[in-house]
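Can you make the complete structure from the sequences, with help from the hints?
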Amino acid sequence: MNKRIMTGNEAIARGAWEAGCHVAAAYPGTPSTEILENVALYPEIVSEWSTNEKVAVEVAAGASIAGARALAAMKHVGLNVAADPLFTMGYIGANGGLVIVTADDPGLFSSQNEQDNRWYAPHTKVPMLEPSDSQECKDFAGEAFALSERFDTPVLLRVTTRVCHSKGIVSLGTRSEVPVRPYVRDTAKNVMVPANAKKKHFVVEERLAALKRFSDETPLNRIEWGDRGIGIITSGISYQHAREAFGGGASYLKIGFSHPLPEGKIRAFAALVGKVLVVEENEPYIETTVRALGIPCVGRALLPAVDELSPAILRKAFLDGNTTATAEGPGVGVQVPPRPPVLCPGCTHRGIFYAMSRQKGITATTDIGCYTLGFLPPLEIGDTCICMGAGISAAVGFAKAQKIAGRPGKVFGVLGDSTFFHSGITGLVDSVFNRVPVALVIVDNRITAMTGHQENPGTGRTLMGEETVSLDIETLCRACGVKAGNIATVDPYDLAACEEAVKAASSSEEPFVIISRRPCALLKDVLRERAGLHCTVDMDLCVKCGACLKLACPALSMREGKVVIDANLCNGCGLCLQVCPRKAIRKEGGKDGE
Amino acid sequence: MASETKSILLVGVGGQGTILASRILSEGLMTAGFDVKMSEIHGMAQRGGSVSTHVRYGEKVYSPVISPGEADVLVAFEKVEALRWLSYLAPGGRLVVNDTEIYSLPVLLGQAKYPERVEVALAERVREFRLVDAAGIAGRLGNSKAQNVVLLGALVRAMKLESIPWKDVMRGIVPPKLYALNEKAFDAGLDA
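The listed protein sequences derive, respectively, from chains G and A. Each residue of the first sequence is one higher than the last, beginning at 51 in this note's numbering. Each residue of the second sequence is one higher than the last, beginning at 105 in this note's numbering.
Since the hints were derived computationally from the structure, they do not count as laboratory data. Fair warning: there could be bad hints in the mix.
Said to hold, decoys possible - Derived BS3-like pairs (lysine-lysine); straight-line CA-CA distance at most 25 angstroms:
no., chain 1, residue 1, chain 2, residue 2
1, G, Lys612, A, Lys271
2, G, Lys249, G, Lys239
3, A, Lys217, G, Lys594
4, G, Lys366, A, Lys164
5, A, Lys217, G, Lys600
6, A, Lys164, G, Lys53
7, G, Lys533, G, Lys574
Set out below in structure tokens:
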């Protein structure tokens, strides 16, 4: 059999392809990003990076109504953005199979909260599947399309970081060519005006009852018998951790179809085992139902609400050290310095942030991206970070409160190019419409960088590699009502220009936009172009004042009383030589003109 | 059951090539007929943060995650990362450490101190400890970036996995122009 080792994300893409998926859409977000990157490798699927998650779900919804099998993928917080179409698609249902992937992040490896999106399934009344490894990611993606068409509903495919980013061996199949279904105009089904929606709500309730029966029948929810003294009810990656910790010392009700939960199977399983344990990460989603059925169980009482689970946590919680495998390794006994993520050497966000840090009285509402890291010392640009788009909208509210309180100081919003397209435009319009004189800094590095360099509406290229229009941010800002004289475009490697723009923005009594534009230093073309460029310190001129260290560049350090620039890390951005009061730093290794 | 599953933990700093090394490792283990699971955490860690890759193999592997005290081998691509992850090493486990120091930003800014004589602290705590000058070896072979494959070679020796056709596995993964460099780096790691 053809086998390959794949991440959960690769396997979801493969499963969608094998299931004959026609259309796929997503906005990048860890840990979901690689799903669409891998879908894009299959030319049979028309795929796109959407402007945001709501757009992605609406694109998939339209494709499904038109008869195509469609998938939308996003990280957990992305589903908040896309919740609006999801709720109503729960009423409309599906023509071609409609699958929505939500990739949750227990442990908050790269997210602003630890929400458990399993609750979206009962809230939207749509079925949910939870794969526990890569093989199931592939298989369940196919199941999800079939169930969507069988029950006329969108299907949630819920995964977590450890499923998305773990690899396992997957048996491959071939693609089933599924023709796009016919589209017949049906306004009672697809036009959700109140009169139609009310009728559809009855249909949704009937569908839910049918799905409950299915949940009890499907082998996606299966019992694995071992020792019957302990019965474990679990789903997703928690199943794998439980199998690891308990082995044959327990029996398992392994839930793959987790909304609606298989109440009959849960009752039957509980009746045949001694103690019932519910093993799940974060929220007591399964446990709430088990308890509602009147079944005594242990779960949340012994398991943490915060962070991901592991076999070690389960052993500690339930097995009370009755095992040899929890022996601790050798102790450290040495203070280990922290290693937080940082802005890279040559990062194009550093210059504008440095300029802002020199301006007194700035409050910065920042947003989601690499540039969020600007909040760290010593630059400290970033007072708030809430969600995509809040970088500008929260600035509007903050400025209003400042004015009421009579406090001085300018409020700057910070967001990236992709974030601006995602949900920053509406906030900018709001600031103009409501005459709130905030300053918006768009750190335009010509790519969606944080998630690993995805195309966006400003890059001129699509996910499928086609050339397309590159949206002009200045023109967009002007169209939003910002006056041309209140838009400054600067090169973040030019500190004087950055400082001048920050000053102008600070004193403006109208909404002001600074576009800080330079392609991300890690882009392949940039790396090639700047190869060999680096700065060096003239030790005779350096007075070790430490001005350059305030840039927080990982290439710069004070070692044994000397300022050192690591030529391998440095890309010659030249910010340090601009801040050096003694002109002790110079650039080397450049081609003509550098 | 659990005792038959072997656990390898690779740790380092974003950008050091732990992911490629673990990819070759897991492909090779699959070729040899093992069930394999590999788990890596990236995202914000890409920006110079601490990174880890868990590789587990055996007849049947359930959890992709290695728990503290469970790693049969800990391969640290950077010295302080060896200290950070040392509690994951099983009693009697083997430790392979790249003789490289990468200062984190708090160290560069003088807010934290990079510990001195890390290798002495490690040698005191772990009997099966090897310090490998992987970056130096790879540099002498032509490209210090091949340090990850040097460490892979050292790991293969530590786990006694030499019978797997690693060079064939690598050829399925790295571009042809890097075959020679990576093969030399791997051999150097075996004998380091």
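| Which of the numbered hints above does this structure break? | 1, 7
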